[in-house]
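Chain order of the listed sequences is A and B. When you line the first sequence up against our numbering, it's residues 1 to 424, in that order. When you line the second sequence up against our numbering, it's residues 1 to 205, in that order.
No lab work stands behind these hints, which were simulated from the structure alone. A few of these clues could be false.
Quick list of in silico lysine to any residue cross-link-like pairs, SDA-like style, CA-CA up to 25 Å [as the list claims (entries may be wrong)]: (1) K115/A to L36/B; (2) K175/A to T76/B; (3) K351/A to T151/B; (4) K115/A to T14/B; (5) K351/A to L154/B; (6) K351/A to A157/B; (7) K115/A to V19/B; (8) K351/A to L68/B; (9) K4/B to G47/A; (10) K227/A to K115/A.
The following label-pair restraints were derived from C-beta to C-beta distances [claimed, not checked]: (11) I98/B to G398/A: 39 to 47 Å; (12) Y119/A to V159/B: 23 to 31 Å; (13) V59/A to T94/B: 47 to 55 Å.
To give an idea of the chain B side of the interface with chain A (calculated C-beta under 7 Å), a few residues [as the list claims (entries may be wrong)]: (14) A18; (15) V62; (16) V128.
Each residue gets a CB set at the ideal place from its N, CA and C atoms; glycine is no exception.
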Amino acid sequence: MKEVACKSTWPHGRHALDSLMTMLDQIFVTIKQWLLTFIPENLHPIGSALLSIVAIISVFGTAFALTTILERKGLGRIQNRYGPNRVGPCGFLQPIADAVKMLTKEDIVPYAADKVLHYLAPIVLTVPIWLAFAVLPFGRNMSAIDLDAGIVFFFAAGSASELAVFMAGWSSHNKYSLIGAMRGIAQMISYEVPLVLSTIPVLMLSGTLNLNEIVNAQSGFAFGVGKWNVLTPWGAAGFLLFMIAATAESNRAPFDLPEGESEIIAGYLTEYSGFKYALFFLGEYLGLFAVTGLAVTLFLGGWNAPLAFLSVLPSWFWFFAKFGALIAVFIWARGTVPRLRFDQLLNFAWKFLVPLAVVNLVVAGIWHFASVSWPAPSLSRPLEYLETVAPRWLACAGLFFAAYEILGRVLSLKRAPRTYRYAE
Amino acid sequence: MPNKITFCLTAIFTLSAAVAAMRLRNPVHCALSAALAFAGLAVAFLGLDAEFIGFAQILVYVGAISILTIFTVLLTRGSEVEQRAAIFSRSWITGIAITIGVTGAILLPVFSSSLSFKTAPVAASAPVQSIGNELMTRYLLPLEVMGLLLTAALVGAVVIAMSDAPDKKRLVVPASVGRASVTGFSSEVLPAKAGTTNQRELTTV
Numbered sequence: 001m002k003e004v005a006c007k008s009t010w011p012h013g014r015h016a017l018d019s020l021m022t023m024l025d026q027i028f029v030t031i032k033q034w035l036l037t038f039i040p041e042n043l044h045p046i047g048s049a050l051l052s053i054v055a056i057i058s059v060f061g062t063a064f065a066l067t068t069i070l071e072r073k074g075l076g077r078i079q080n081r082y083g084p085n086r087v088g089p090c091g092f093l094q095p096i097a098d099a100v101k102m103l104t105k106e107d108i109v110p111y112a113a114d115k116v117l118h119y120l121a122p123i124v125l126t127v128p129i130w131l132a133f134a135v136l137p138f139g140r141n142m143s144a145i146d147l148d149a150g151i152v153f154f155f156a157a158g159s160a161s162e163l164a165v166f167m168a169g170w171s172s173h174n175k176y177s178l179i180g181a182m183r184g185i186a187q188m189i190s191y192e193v194p195l196v197l198s199t200i201p202v203l204m205l206s207g208t209l210n211l212n213e214i215v216n217a218q219s220g221f222a223f224g225v226g227k228w229n230v231l232t233p234w235g236a237a238g239f240l241l242f243m244i245a246a247t248a249e250s251n252r253a254p255f256d257l258p259e260g261e262s263e264i265i266a267g268y269l270t271e272y273s274g275f276k277y278a279l280f281f282l283g284e285y286l287g288l289f290a291v292t293g294l295a296v297t298l299f300l301g302g303w304n305a306p307l308a309f310l311s312v313l314p315s316w317f318w319f320f321a322k323f324g325a326l327i328a329v330f331i332w333a334r335g336t337v338p339r340l341r342f343d344q345l346l347n348f349a350w351k352f353l354v355p356l357a358v359v360n361l362v363v364a365g366i367w368h369f370a371s372v373s374w375p376a377p378s379l380s381r382p383l384e385y386l387e388t389v390a391p392r393w394l395a396c397a398g399l400f401f402a403a404y405e406i407l408g409r410v411l412s413l414k415r416a417p418r419t420y421r422y423a424e
Numbered sequence: 001m002p003n004k005i006t007f008c009l010t011a012i013f014t015l016s017a018a019v020a021a022m023r024l025r026n027p028v029h030c031a032l033s034a035a036l037a038f039a040g041l042a043v044a045f046l047g048l049d050a051e052f053i054g055f056a057q058i059l060v061y062v063g064a065i066s067i068l069t070i071f072t073v074l075l076t077r078g079s080e081v082e083q084r085a086a087i088f089s090r091s092w093i094t095g096i097a098i099t100i101g102v103t104g105a106i107l108l109p110v111f112s113s114s115l116s117f118k119t120a121p122v123a124a125s126a127p128v129q130s131i132g133n134e135l136m137t138r139y140l141l142p143l144e145v146m147g148l149l150l151t152a153a154l155v156g157a158v159v160i161a162m163s164d165a166p167d168k169k170r171l172v173v174p175a176s177v178g179r180a181s182v183t184g185f186s187s188e189v190l191p192a193k194a195g196t197t198n199q200r201e202l203t204t205v
């Protein structure tokens with residue numbers, strides 16, 4: 001994989017450049033090993049875990065600060081205004097000002113609130129989300145723990161957020177909070193189904209639940225292009241379904257109904273202020289980061305380079321480049337797509353995304369059995385390779401697209417006018 | 001030794017959460033304590049190296065079952081909480097009777113079974129792969145039956161929820177019903193210490 005790389009310009013440079021790049025690739029692993037030499041041997045497991053935790057918290061804490069400012073500036077551009085531009089150069093110190101403001105604000109708890117739950121809700125939301133980052137492979141040899149059931153762990157870590165949303169909404173003793181929490185829970189439960197279903201083809205075809213092995217299954221290149229799951233029909237469809245469900249799962253626009261400012265003030269966040277509010281904000285962004293990292297791992301080849309000659313660059317660079325690109329897509333979607341109505345939201349999940357995800361399972365099965373009974377010749381004969389792979393690709397993609405078309409047409413048939421059960 | 005300490009801590013945590021789930025007065029607090037107890041059980045599974053079962057326990061019980069419980073509590077009426085009442089429920093005698101009955105019903109067959117305590121416990125580890133293989137080969141039929149049963153239950157739930165007669169739509173609902181139907185749940189289960197002003201707000205939506 002590495003041999004393909006680097007057209008060196010100087011005669012003896014190739015080997016030197018290779019080893020330099022290998023060193024850069026493993027720089028964080030090396031630093032961690034070096035730091036571990038300072039502590040006694042029997043404390044190494046704890047020390048290693050602590051170092052990983054510190055790294056994850058600092059990297060994604062910084063990513064949170066950066067994303068908030070970039071999102072505000074990006075949304076500003078989309079909405080034809082400047083965005084924050086007063087604090088620091090081009091407004092890039094705004095997150096620090098925000099943090100100081102949040103920390104020094106008064107923490108207001110409503111008189112009628114359930115004090116304990118009101119206090120616990122932001123903690124229950126934010127703390128378990130950090131666990132999800134433990135299984136993500138950020139680069140070659142760079143995942144905090146290598147779990148056999150990594151993806152199950154990932155979803156288990158995220159499952160406490162629904163409880164946190166409920167605790168926040170119910171304990172505030174405010175009707176807007178309660179409505180927001182109910183919307184949030186209904187939405188999260190509904191979109192968790194397509195989210196998990198769209199990951200299953202990847203698990204089926206890589207034959208493992210271990211995220212590191214899923215990334216390894218996507219390594220290697222065909223004609224200089226990475227063998228990413230997104231380049232297969234079931235992978236492309238799964239990726240789209242996953243991204244849509246992930247947007248809804250992290251309560252972002254156009255699926256931000258639980259917070260819908262114009263309808264229910266701020267949903268379950270209505271009665272929160274100061275640092276508790278900031279924790280909610282942090283928790284939501286961390287959920288977004290975690291699920292984006294999972295999308296990169298499952299569909300975009302994890303830390304593998306997109307093109308063969310680009311694999312000189314360090315693996316962690318590729319992970320974070322893809323991660324940043326996906327975050328940019330989320331910001332873009334937030335700036336351009338209007339908010340859905342609640343019945344549209346639930347119909348979209350149950351009548352459209354879930355059936356398509358099930359069809360995608362079938363497509364993945366067909367793809368697998370087609371490749372078993374009809375294996376493609378080696379890459380050294382490109383024409384024959386394409387002749388065998390292309391029909392399989394087109395058949396699978398066609399099947400999914402037909403399902404998409406039929407479902408879309410059936411669902412958009414004109415029916416009786418919508419009835420308003422409680423609003424009349 | 002560290003394993004024993006971990007186990008004791010987990011056991012104390014789980015048991016206190018379970019006791020709280022039965023003893024607390026507010027049904028929502030009970031449901032949340034039950035979720036804590038489920039999480040404690042998951043930690044116990046992880047302590048036994050049953051990785052997959054532990055995570056599945058969190059995913060299914062903490063993530064889904066507890067939410068279901070909470071929805072049930074909020075959507076059913078008759079779960080009023082007296083204001084200024086003690087935070088512990090007083091129906092503990094019934095609770096103890098039920099507990100003894102259920103525990104006995106579980107323990108009796110276990111102790112009378114010929115399988116129990118005869119074989120030395122092996123340090124069983126259950127890798128995901130073997131669970132998957134067993135489910136797809138030996139236990140395929142039970143798995144399919146469970147799937148069918150759950151699907152039937154799902155369809156049944158939808159059918160029950162959809163049965164609204166069209167003529168009922170324009171009925172003028174009395175205030176007590178309207179309160180429940182506007183927000184979808186009764187205001188009585190909102191936190192104790194509820195001021196009357198807040199309840200009136202819900203009524204007049």
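**Prompt:** Is the hinted pair K227/A and K115/A satisfied, with a Cα-Cα distance of at most 25 Å?
**Reply:** Answer violated: K227/A to K115/A is near 52 Å, above 25 Å.
**Asked** Is it true that the CA of K351/A sits at most 25 Å from the CA of A157/B?
**Response** holds (16 Å)
**Message:** Please verify whether K351/A and T151/B have alpha carbons no more than 25 Å apart.
**Reply:** The given pair, whose Cα atoms are some 16 Å apart, holds under the 25 Å limit.
**Consistency of beta-carbon spacing, G398/A to I98/B, with hint 39 to 47 Å** = violated (58 Å)
**Asked** Quick one, are K351/A and L154/B close enough, alpha carbons at most 25 Å?
**Response** This hinted pair holds, its Cα atoms lying about 15 Å apart.
**Asked** For the pair supplied as a hint, K115/A and V19/B, is the alpha-carbon distance within the 25 Å limit?
**Response** Between K115/A and V19/B the Cα gap is close to 21 Å, so the pair holds against 25 Å.
**Prompt:** Given the hint that K115/A pairs with T14/B, does the C-alpha gap stay at or below 25 Å?
**Reply:** It holds: about 23 Å lies between the C-alpha atoms, which stays within 25 Å.
**Item:** Outcome of range test on Cβ distance (V59/A, T94/B; 47 to 55 Å)
**Value:** holds (53 Å)
**Asked** Taken at face value, is the distance from the CA of L68/B to the CA of K351/A at most 25 Å?
**Response** holds (22 Å)
**Asked** If you take the shortest Cβ to Cβ gap from A18/B to chain A, is it below 7 Å?
**Response** Because about 17 Å separates A18/B from the closest Cβ in chain A, which is outside the 7 Å limit, the hint is violated.
**Prompt:** Holds or violated: is the Cβ of V62/B closer than 7 Å to a Cβ in chain A?
**Reply:** Result: holds, 6 Å to nearest chain A Cβ.
**Message:** Given V128/B as an interface hint, is its Cβ closer than 7 Å to any Cβ of chain A?
**Reply:** Holds. Min distance 5 Å.
Against the hints set out earlier in the document, violations occur for numbers 10, 11, 12, 14.
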